[in-house]
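Visitor: Those protein sequence lines, which keep their order, are chains Z and U. Heads up, the first sequence is in my numbering, so the first residue is 59 and it goes up one at a time. Heads up, the second sequence is in my numbering, so the first residue is -5 and it goes up one at a time.
What the hints contain is simulated information worked out from the structure, not anything from laboratory work. Be aware that one or more of the hints could be misleading.
Straight-line C-alpha distance at most 16 Å; calculated EDC-like pairs for lysine to aspartate or glutamate [said to hold, decoys possible]:
1) U:LYS172 with U:GLU230
2) Z:LYS192 with U:ASP168
3) U:LYS26 with U:ASP94
4) Z:LYS267 with Z:GLU125
5) Z:LYS273 with Z:GLU125
6) Z:LYS192 with U:ASP94
7) Z:LYS60 with Z:GLU265
8) Z:LYS192 with U:GLU230
9) U:LYS23 with U:GLU87
10) Z:LYS60 with Z:GLU263
11) Z:LYS273 with Z:GLU188
12) Z:LYS192 with U:GLU234
13) Z:LYS154 with Z:ASP164
14) U:LYS172 with Z:GLU188
15) Z:LYS93 with Z:ASP237
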Amino acid sequence: MKRILGLTTIVGFIVMFLMVFLWSPIESSMGLVQKIMYVHVPSAWTGYLAVAVAFIFSILYLWKRIEQFDVVASCSIEIGAIFCGLALITGSIWAKPTWNTFWTWDARLTTTLILFLIIMGYLLLRRFSEYGEKQARISAVIAIIGFLDIILVHMSVVWWRTLHQPSTVFSEKPEVINDQILTTLIICVSVFSILYAFLLISRIELEQKNRLFFKKISAEGELN
Amino acid sequence: MSQMASIELTNRQFLLQRMISNAWTIFLKDLKLDYRRVENFFSMLFFSLVILLVFTFALSPEQTKNIGILCGVFWISFLLSGILSLGKSFSLERENSCLDALLISPISRGSIFLGKMLANMAMIIVVQLIVIPIFGVLFNGVVFDHVAIFIFISFMASIGFSSLGTLLAGMTSDIRFKEILLPILLFPLLVPLLLACVKISQSILAGEGLSPVVDWFRLLAGFDLIFLIISYLTFEFVMEV
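Generate coordinates for the entire structure from the input sequences, incorporating the hints supplied.
Guide: Quick look at the structure:
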């Protein structure tokens, strides 16, 4: 499974690069810089996907108490951290030439930043607590609360930014009129999702090996 | 059949009454502990005032006349002093294994949560009752016309703050670096609360009253309700022996 995903990812990336640089047209207003969108939007999408997967597996863990679910949730959050950070960085790089500033407290950027901070909190919580059932339990609770909260955060930040300041100057996504741009974007999102699946499976394998090793050398033995 | 139904109903009523009385007992216990160690209360109060002081020096005189900035300062001091109360509510239990005793007693986790949450709320509200007039005195007296509404908004904010805060404090109570981890975890989750409170206070201090910010008020009430329920339900997962 992992090998298939890995090969598909490589092929997908080659296809993606070809499409982005050779096939999709250069956007009229932004020029070549607009191509960052093909990395930025899929990263953001994959980041949210990773957190959603972690949310589902956290609920499953609290319900069924199967260690495997905790493994999937924590690995997914780690990968989500990478993609979320990538989205923030590529977004800033894209913002500088187009909006003339690296950062703005726009609704979607603020929500992504807060999501990134919640993810960091989760990872710190896992680091500071000792390996065991308690760690799995409390990180599952944080993942669930964080996910539910980010929905409220998004609503409130959108209100915050639009109630007195209608955002006419900044549009969050360029208007995707062109079919070629849309197709390329969809292909990029799919490739990134396959990359996410590949990374997730690899990370889960690594984590399982880690835990097996830890259980062997530790006096405690089983997770429960 | 109706006899069974009425037995079922009284059973449920009985459980509810018991839950409320247990929560009330724990609330009174925490208050009593705070009363005996009144330095906890004073540390919260003076920390609040110190934050206000620091902001006075950090901002220029024109900035301290700006209502928007003042509201931000007030709510930052609310958040930071509230964290002290949360940290204390579980560290009290660490001595003499009180927390273990609490968990093995036949009290539901929900009652423990409610009791602690109410105790945190009480502490925060009492501190705010003193800080709000002092805030008014330090910063040009803008607040004095609106003290009642300010106290009400603080009350609403303390519900949401205490619910999430008590849950997260219970979660981090025996982890290393819990004092720094609690704010890192809690503050991003409290962003809607903070935004709503700042917007509402800005509108009140600018003299516009509550009508332009009714949506924010609804968000605040909704946030409180949602996280009170979610924290109540998930507290038992956090507090397993």
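Visitor: Which hint numbers does the structure go against, in order from smallest to largest?
Guide: 1 and 3
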